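Student: Now for the letters of each chain:
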Amino acid sequence: MLKRFISLVRAEYMFVAAEIIRRKTILFALILWPYIIMAFIVLLGSSMGTMSYFQQKTGANPILFFITGSFLLIVSLIFFDEISSRFWYDEFIGTLPYIMIAPTSKTMLALAMGFPRLIINILVGLSSLIPVYFILKSFPGLVEALIVIALSIFSALTFSTLAIIFSSLVLISGGGWRVLSIIRPLIMLISGVLYPRFLLPLTIKFFTIIFPLANSVEAIQLFLVQEGLTAYSLMLLGLATALALLYAPVSIRSLRIWEHRILIKGAKT
Amino acid sequence: MRYAVEAVRIVKKYVTKKRKGFFKSETEVVEALKGISFKIRYGEVVGLLGPNGAGKTTTIKIVSTLLLPDSGKVFVDGVEAFKNLSYVREKIGIMLTVEKGFFPKLTGRENLIYFGTLYGLERKLLEKRVNYLLDLLELKELGGSDKLYEEFSLGMKARLAFARALLKDPPIILLDEPTLGLDPVSARKIRRIVKDLAHKEGKAVLYTTHNMFEAEIVCDRILLINKGVIVSEGTPEELKNKIPKLKVIRAVLHGGNMEKLSKLISSSLNLKPEIKIVERGLEVKLAIKNPEEILNDLLKIFNLANVDVVSLNIEEPSLEDVFIYFAKGVIE
Ligand SMILES: Nc1ncnc2c1ncn2[C@@H]1O[C@H](COP(=O)(O)OP(=O)(O)O)[C@@H](O)[C@H]1O
Ligand SMILES: [Mg+2]
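Residue numbers (this note's numbering), protein chains in the order written: chain A, 1 to 269; chain B, 270 to 601.
Do not rely on the hints blindly, as some may be mistaken.
Here are the simulated DSSO-like pairs of lysine-lysine, each with C-alpha atoms no more than 30 Å apart in a straight line [stated by the list, open to error]:
1. B/Lys352 <-> B/Lys282
2. B/Lys303 <-> B/Lys287
3. B/Lys286 <-> A/Lys265
4. A/Lys265 <-> B/Lys287
Covered, in the sense of this in silico footprint (three residues per stretch, anywhere, with C-beta under 8 Å from a C-beta of chain B), are these stretches of chain A [stated by the list, open to error]:
5. 1 to 8
6. 15 to 21
7. 91 to 104
Since the hints were derived computationally from the structure, they do not count as laboratory data.
Here the structure is a predicted model, which means the values were calculated and not measured.
Even glycine gets a Cβ: it sits at the ideal position worked out from N, Cα and C.
Please model the complete structure; the sequences and the hints are all you need to start from.
Tutor: And the structure:
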């Protein structure tokens, strides 16, 4: 099973690498992406208040907070983005019927689709987070950056099962980009990446507890503020993991429902 | 006996919604398959021959478990297909179109490796198999192994699609118009391999085409399909014999007027000729039971019409005649 999964990741990696290396625009976007997102977040953030206000309110260095946030945002959304857009693309170029017919669990394949980008984003993280952390905090910053990267990957993984459910919704709705552009900002908002959860009103905060990404994101943000992991943040990470496992059977079902829809409609050739 | 494929009274309707104005929409139902049944044995190439829209692709999709029928059952290798999806999917290789279905930014080899992995082939074995198939279809010679798929010619795309159908070395192969629009060399290559797979390796092949000539040379047995109904079946020979003892007179004439000739023949011989313009003049075709009896009268008519007879043959009906014969039976 694990061997099978690894070979699928390998195949997906070949696909992703070819897309990135052989499509110049994508390669360009990949390198610029964290900076674009950061600019976006800083713009949004500064419309709410000044940098010093932020520091005073949250206790975190705003630059560190935002570059981490942008990285976290990209990494967290990998599974959702990859799965919903890949299967949609497959339908478009006519590879979908050959994928549907493969005697491979589509859930396993969906998970495998996220990993190549996760690996590539670790490299992106090393090149964008480490310099900033190092400049601001020198050597302890290096260790901190590595922990942040590891935690970001962890948070992406805890979101993977729910991401499959969301992707299934996008795929089942058949709405393509239109539905994607509604669900995506919603995920960003609830995740607390754009606006820290500990600043949210209690009622909304309560609602985000069942959202694994929100929990792991808060743990990372607390790590930045308190400069370390507390029992509370470890509990948040544990909660995120438990939720991920809880959503796993639902994610398998939701992809099956999508498969069945295609079986009735007939995969486009 | 265990059949490779057994289809029992398959019905498939497509329901499409058509927008009519802003609020109104109209549902349109197309009955693509009206309860077709057939069997395929191991070691034979069975052709599904019919015009566009006959239901060939729908049939292939249902047999390959890509499309759920409204009613009826499909057995693959003796097992009910839609109740044993993974068993059935292990057994079949499929080719749906000649011109798409691969990743444009991967090479021919990478594409095959990708799908082979998806189909569960172990890496070492897969690499060997891919090499073998690239060789078999002469994709290496054509430079297709290491060229990006988006740079492929149609012939190369078709060869790659055919190679993918063979990746698992499956006992059952389903091919939907695998030579559609291809150059003769590529088409011949694919046809030759299909025949070898069935006759030398005992594979079962379902081969759809709208080309009668092709069906005749590739298939051991032909199912004639039109408007979702299998109107007749048999070996190419048998199908020809199903036309009640008809022979075909084919005459090529020089000079003369098409309409005048048609009128003359139908009034004096009480037969409806099929007349068309060919390179050397006019071709007159007459389907008749005893051609010898009218031959004399026919020549007299040609004389009367003042035309030169370039050639005159009495022939067995071609598959095309058979097809027109049966297709008429369904349409009318
Ligand atoms: N997805 C679909 N939606 C609606 N009608 C369809 C669809 N696919 C096929 N049809 C219709 O079903 C009939 C059979 O189509 P098809 O199986 O593709 O025929 P063939 O492959 O022999 O050309 C045609 O009338 C076609 O228009
Ligand atoms: Mg077709």
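Student: All hints are to be evaluated individually against the structure, with a verdict given for each.
Tutor: Against the structure, the hints:
1. Distance hint between B/Lys352 and B/Lys282 is fulfilled; the C-alpha atoms sit about 21 Å from each other, no more than 30 Å.
2. Restraint check: the Cα-Cα separation between B/Lys303 and B/Lys287 comes to about 23 Å, which is no more than 30 Å; the hinted pair holds.
3. A C-alpha spacing of about 13 Å is found between B/Lys286 and A/Lys265, which places the hinted pair at or below 30 Å, so the restraint holds.
4. Straight-line distance between C-alpha atoms of A/Lys265 and B/Lys287 comes to about 16 Å, which keeps the hinted pair within the 30 Å bound.
5. A stretch counts as covered by a chain when three or more of its residues have a beta carbon under 8 Å from one of that chain; for the region 1 to 8 of chain A and chain B the count is 3, and the coverage holds.
6. Note: the region 15 to 21 of chain A has 3 residues with beta-carbon separation from chain B under 8 Å; the three-residue rule is met and the coverage holds.
7. Requiring three or more residues with a Cβ within less than 8 Å of a Cβ of chain B, the coverage given for the region 91 to 104 of chain A holds, as 11 such residues are present.
This entry satisfies every hint, going by the numbered hints stated previously.
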